[in-house]
Every structure is written in structure tokens, then in C-alpha cells.
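J.: So you can see what is in the structure, the chains are spelled out below.
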Amino acid sequence: AQSVTQPDIHITVSEGASLELRCNYSYGATPYLFWYVQSPGQGLQLLLKYFSGDTLVQGIKGFEAEFKRSQSSFNLRKPSVHWSDAAEYFCAVGASGTSYGKLTFGQGTILTVHP
Amino acid sequence: DTGVSQDPRHKITKRGQNVTFRCDPISEHNRLYWYRQTLGQGPEFLTYFQNEAQLEKSRLLSDRFSAERPKGSFSTLEIQRTEQGDSAMYLCASSLGGGRRDEQFFGPGTRLTVL
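Chains as they are written, first to last, in the working numbering: chain A, 1 to 115; chain B, 1001 to 1115.
Since the hints were made in silico from the structure, they are not lab data.
Because the structure is a prediction, the values reported are computed rather than measured.
All residues carry an ideal CB built from backbone N, CA and C; glycine is no exception.
Just so you know, not all the hints are guaranteed correct.
Covered stretches of chain A (in silico footprint by chain B; criterion: 3 or more residues with CB under 8 Å from a CB of chain B, positions within the stretch not fixed) [as the list claims (entries may be wrong)]: (1) 12 to 18; (2) 42 to 55; (3) 71 to 77; (4) 81 to 94.
Covered, in the sense of this in silico footprint (three residues per stretch, anywhere, with C-beta under 8 Å from a C-beta of chain A), are these stretches of chain B [stated by the list, open to error]: (5) 1026 to 1040; (6) 1090 to 1100.
Between the sequences and the hints, there should be enough to build the whole structure, so can you do that?
T.: Here it is in C-alpha cells:
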């Protein structure tokens, strides 16, 4: 069965600092990977996704993620964090076959940004 | 189209009561998903529809839970004889249904509190 682990429950960074959120997945075949962001009172918003090809994926709001098959990782990065990035971030892997939309999410990482 | 909408946004009920939630997907989307998110956890898959057909249900969806999507448009999720353990955020998402590269768009969720 597929699974996703986000080792960091809570991360605090200063505004303007760089950010890396970790995600490790377990999946038997080529994974389809996603990063979502959830702000209080808001629905989940897709930041970026990896299906195949270039292992460095660019997303919205200046985020990027790198797929590393050898490490089963899909870490999210941002070179300079803004106060508005404070939110909870979820990594997810998609199922295969006709259940392709069935996403398995990690526990999430809460990001706090200090001024 | 303003995206996926859910109603109500908040529901407080007493243990043993029945509750029903509604989800209106993006109009041209064929797939509709329900997830449950408890405090401190990522969303967990409950069930999904392809048009009006319910194609898969999670083991999390006990006999007290039922979901419908009449005519392949909006969907309802009913919980009968609610228990305190049902307290959670119930998220709905929809997608075009075009395969593994499908992107899910999430609604703001319905927060259920069972007293």
C-alpha cells in the first residue's frame, strides 16, 4: 500500500529565509506526487505536481520540488519565504489504475514565519 | 465558476443524530471525491464517484456513512447515528476525470462537531 511520511510536524523560519519541507513516499511503481497548501478556513490548494520527466518541478507562489527516486523523496523548497506562506503543507501520492484520483496524504507540516 | 462549494461550513450536532453534507463540484467535472481530515492529520480518502457511479469506498466508511451523487452533479454525504469519533473536517474535491494527471480541486470543507 502507498504511504507518505512528512517527518517535520512544525517548522519555523524567519521571513526571507529559505525553506525545505521533507516528504518521503512508499509506492510500488512510478509515483504521481503532489504538494498542497492549506490555510485556515481555506480548502487545499495545489502547489505543484510530479508525473514524469524533469525531476525538478516548478509550482505556484515560487515553490519548487525535486523528485529523487533513489531516496523516495519529494521535498518542497522555496528560496525566500514570505509571511503569507504561513500555512499547513501536505504531500500526497496518487494511486494507480482506475483509482488514480485516490490520494494518500502525509500528516502535514505546519509552517510558521517569523517577521 | 467559483470552484467547489460545500454546505454547511460548520455543523454541530448531538451524538446519535443524523447529519447530511452537500458538495457542489465544478460544473464540468466528472469525478467527485470525499475525504475526512481529523485534527493534526492529513486528509483520508473516503469515497469517489465517476459521474453518478460510486466506484470505491474506503474501509473508513462504515455502514453509518452513505454518499450519493444523483445525476452526476452535486453529492451528499450522510452520517447516521453520529458518534464523537465522527468529529472531523469533511472535504470534497472534484476533477475532470482524465487519468492520473488529473488535478483535484478542493472545497473549503464542512467541519463537524459531535457533542
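J.: Could you run down the list of hints and mark each one as holding or not?
T.: Hint by hint, here is what the structure shows:
1. For the segment 12 to 18 of chain A, the stated coverage by chain B is violated: 0 residues have a C-beta nearer than 8 Å to a C-beta of that chain, whereas at least 3 were required.
2. A stretch counts as covered by a chain when three or more of its residues have a beta carbon under 8 Å from one of that chain; for the segment 42 to 55 of chain A and chain B the count is 7, and the coverage holds.
3. Here the segment 71 to 77 of chain A counts 0 residues with a CB under 8 Å from a CB of chain B, which misses the bar of 3, and the coverage is violated.
4. Three residues within the 8 Å Cβ limit are the bar, and the segment 81 to 94 of chain A against chain B gives 3, so the coverage statement holds.
5. For the segment 1026 to 1040 of chain B, the proposed coverage by chain A is satisfied: 4 residues have a C-beta within less than 8 Å of a C-beta in that chain, meeting the threshold of three.
6. Counting residues of the segment 1090 to 1100 of chain B whose CB lies closer than 8 Å to any CB of chain A gives 6, which reaches the minimum of 3, so the coverage claim holds.
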